[in-house]
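Residue numbers (this note's numbering), protein chains in the order written: chain F, 1 to 179; chain P, 180 to 338; chain V, 339 to 883.
I should point out that these hints are in silico values taken from the structure, not numbers from a laboratory.
Note that CB positions come from ideal geometry on N, CA and C, so glycine has one too.
It is possible that part of the hints are untrue.
Said to hold, decoys possible - Under 8 Å between C-beta atoms, here's a sample of chain F residues computed to sit facing chain V:
# : residue
1 : E12
2 : E37
3 : K41
4 : L142
5 : K160
6 : F163
What the hints assert, rightly or not - With a cut-off of at most 20 Å between alpha-carbon atoms, the simulated EDC-like pairs for lysine to aspartate or glutamate come out as follows:
#  : chain 1 : residue 1 : chain 2 : residue 2
7  : P       : K331      : F       : D90
8  : F       : K19       : V       : E750
9  : V       : K667      : V       : E677
10 : F       : K19       : V       : D589
11 : F       : K9        : V       : E351
12 : P       : K328      : F       : E126
Stated by the list, open to error - Quick look at which bits of chain V chain P covers, simulated, 3 or more residues with Cβ under 8 Å:
#  : region
13 : 536-544
14 : 566-578
15 : 648-660
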Amino acid sequence: MSFVKKIIKPVEVLVVASKTGRVTIKYPFEEPWISPEFRGKIEIDPTKCIGCGACVNACPPNALEMIESEDKKTLRYFVGRCIFCWRCIDVCPVGAIKGTRNFELATNDPLDLYDYIVHNRVKCRECGKVTGETTRMLKYVLEKAFVTENYNNKCPDCRKKIFINAISMRRTGPVGEKT
Amino acid sequence: MEKKLERIKRSIWVFHLNTGSCNACDIEILDALTPYHDAERFGVKLVGSPRHADVLLLTGPITLESLPKVINAIEATPRPRFIIALGSCGSGGGIWHDTYSTIGGVNSLVKILKERGVEVDGVYYVPGCPIRPEALLYAVALIRGLVEKKAKSMVATVE
Amino acid sequence: MEGEKLILDKYIELSRDMGGKASIEGDTVHIIVPSEKLVEAASKLFNEYQCDFRVCVGTDERPLNGYFTITHIFTDNRNGLYVLLKTYIEPQDPKVPSITNAVPGADWCEMEARDLLGIEFTGRTPYRLVLPPEWPKGLHPLRKDVPYNYRPQIRGVSEKVSTTTETGVIPIGPYHPALHEPEYFELYVEGEKVVDVKYRGFHVHRGIEKLGETRMTYQQVNFLAERICGICGFEHSSCYALAVEKAAKLDVPERAQFIRSIVLEVERIHSHLLWLGVAFHVLGYDTGFMHVWRIRERVMYLAELLTGSRKTYGINLIGGVRRDINEEKKQKTLEVLRELEKEYKGLIEVALSVPQVRKRASGTGVLPREDALKLSVEGPTARASGIDKDARRDLPYAAYKYASFRVPVYTEGDNLARLLVRVDELVESMAIIEQLLDKIPKGPILLEKYEIPEGRVGVQVVEAPRGGDVHFVITGHGKPYRWRVRAPTYSNIPALRVMLRDQPLADAPLTIASIDPCFSCTDRVLIVRENGRREWLRLTGGLKI
């Protein structure tokens, strides 16, 4: 009996197979089997993005890069290098980045893999030099933090100049009175 | 190009070329051949030699050590030959796109191939880290013209 | 308590005898000895104290204190201690005695330190291990003065096959239908019998350690560590995170540790199922391959549900995890596990009754216990040769102390034993997940505020599906100062030479597969002969076989 059982046992795989039936999912002709948690391509909302670069600092593979030119600051998203970790979504201060479940990204044209968001850079009110910030970022900072009119919209050099001026005014004031 | 594509419309035989990937994409390629996904529905067959292949599945960022062997394998593939660069390493160099021992993805490889006079008839990019088996199926369906291309570049200018 | 003190005293005494000094921090014993006493101390730790050799780490500490250093990492598995044996090396002419005669398992890591840091080891034959053959001499990428993205202009050459006439040479790879990774084996055969093996690996050296020390920040390295290996990536990122947390003495929320352990076990299940499938395929039982991979798909879905990705889960951060397990996910997990267990048990019973599986696996690729001990092999390979070691139990980390489980050990040391170890481990893993899900405490999952002081050392061993991963971290400013990774395959490949010797050629693919080699883990860093001279790869160092 046990000998017969030993011979028969491997054939039981037929039972396993017929019980399971067909499991193949007919993707792309039907919906794929994706869990609701899946992390796919990110989408950056250009109406919300302020171009602060927080995502660029957090991105492990440098898929998000900030390309700086004379008067433009361009956030470039290269999906071909993205590792879909969604760290950028965690760190974005304005919630401009949204995760999707999109994985159908195959293409034969490398240019399809790039997304660009072009920001304008602010010019210094004093000297006209281009500062690091974008227009949106300046607006955001003004909303969030109290910055005196004196300092905003100015390049670091001019800001320093104003600051030193202000301090020396305060110093020399009383000193002048004494003498 | 179009005409050449027509020829591999029948059945795509692929050769798996691991150029230094972390194994995740490679295992998903195998996964695509197993019951749930069954890539053989499209006539895709994993072959043992580049000489039998139409398409090379390139995974990994191409390390300096594997580079000469990769070039040999591409040279051995009959024309028309296509490369499907899989994963973020294959298509863009991935997380190690600028380290000392990789060359950073398929684009640099194509440049080196051009220098050496080896031609490739087309490159497909499949981003993902790792690619889902479905992403590979989508790429195959795209090559065979069963689905529309969805990837599109976005350029937005802020006021 | 008393016993623990005695054990620590033993190590302090050892360091005093060697003219060095010792300090104890948590579960780590730091011993610093002068370089002339290094061999003696290492041999004492390995043979007398029965410590397990894990790896050695070379570090360029010139910017800190003007020296190169080498640290040999041992673990005292019975007492749950990490023992670090460190020595300073003069920077002008970095030379240090080799410990391979005492500890054969140190062969590779010493050569790696030679390639990447330019430290010479006296008393052994050197060879190129990690970097490509044409790599310029004198350029050592892990030295701090070499930029991480410096790419030397080298023309790659394809290696030629050996021309020896005495024995037949069968090259396997680097691109071969049986290998899914670019690795190159040369099997030397006499008739049908394999007489020797040469391995030329490190095709997958991607410069990860350097990258982690330069371009990345602490949090980014988690994602880099995960990409060391696509199969057991979460082990690597957990190991890294735990090492940094240990160095910085962070108090990570319990719930995060539970989630880590649960996801680690999910990864073990998928990895072992994957291996079983591949093993059945190699054995010529493709039906088993397809069915195992079919039931594995459920695990992949479960992983995606819990973490957001089928692989490279990306939920580890320093100080906790990013995704929580809510009640709905918990129920779903238990449901998947129940179905999986039923299907798995039925299927494996059928598969193991297939004649060719048992006949081809039993008695082939034997690794005797003594060789396994000498070579410090890891994981299922060690447990199949009668070495009872498992970091989950011996050096408890994350939430494993809250789960009770059995560590399956077989003494035969053949391919069947390695197969059965994995079969048994799978069932244990499912039980661990159920226990942990039951006990999971409430609370936060991520530490919000913390500080990582500079110059601290953290070592962690995490039991990956293939064996123990070792991560060694010296903290730095905003990023690790030194980060060393040792994957289990790194210690297991040298054992292949013992397993393949005098075996029929037809069994070679199965034996190679039986250690579950994961080359991408192993090759982060760099074997090549110099001057094109062909030389037996001394895979087993001083071991006499």
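Each hint tested on the structure:
1. E12: This hint holds: F:E12 lies near chain V, its Cβ roughly 5 Å from the closest one there, short of 8 Å.
2. E37: holds (5 Å)
3. K41: violated (13 Å)
4. L142: violated (27 Å)
5. K160: Where the cut-off is 8 Å and the nearest Cβ of chain V is about 26 Å from F:K160, the hint is violated.
6. F163: Since the shortest Cβ distance to chain V is 28 Å, the answer is violated.
7. P:K331 to F:D90: violated (25 Å)
8. F:K19 to V:E750: Outside the cut-off at roughly 36 Å; violated.
9. V:K667 to V:E677: Holds: V:K667 and V:E677 sit about 15 Å apart, inside 20 Å.
10. F:K19 to V:D589: With a Cα-Cα distance of about 49 Å, the restraint between F:K19 and V:D589 is violated, given a limit of 20 Å.
11. F:K9 to V:E351: violated (60 Å)
12. P:K328 to F:E126: violated (50 Å)
13. 536-544: holds (count 5)
14. 566-578: holds (count 5)
15. 648-660: holds (count 3)
In this structure, the earlier hints numbered 3, 4, 5, 6, 7, 8, 10, 11, 12 are contradicted, and the remaining ones agree with it.
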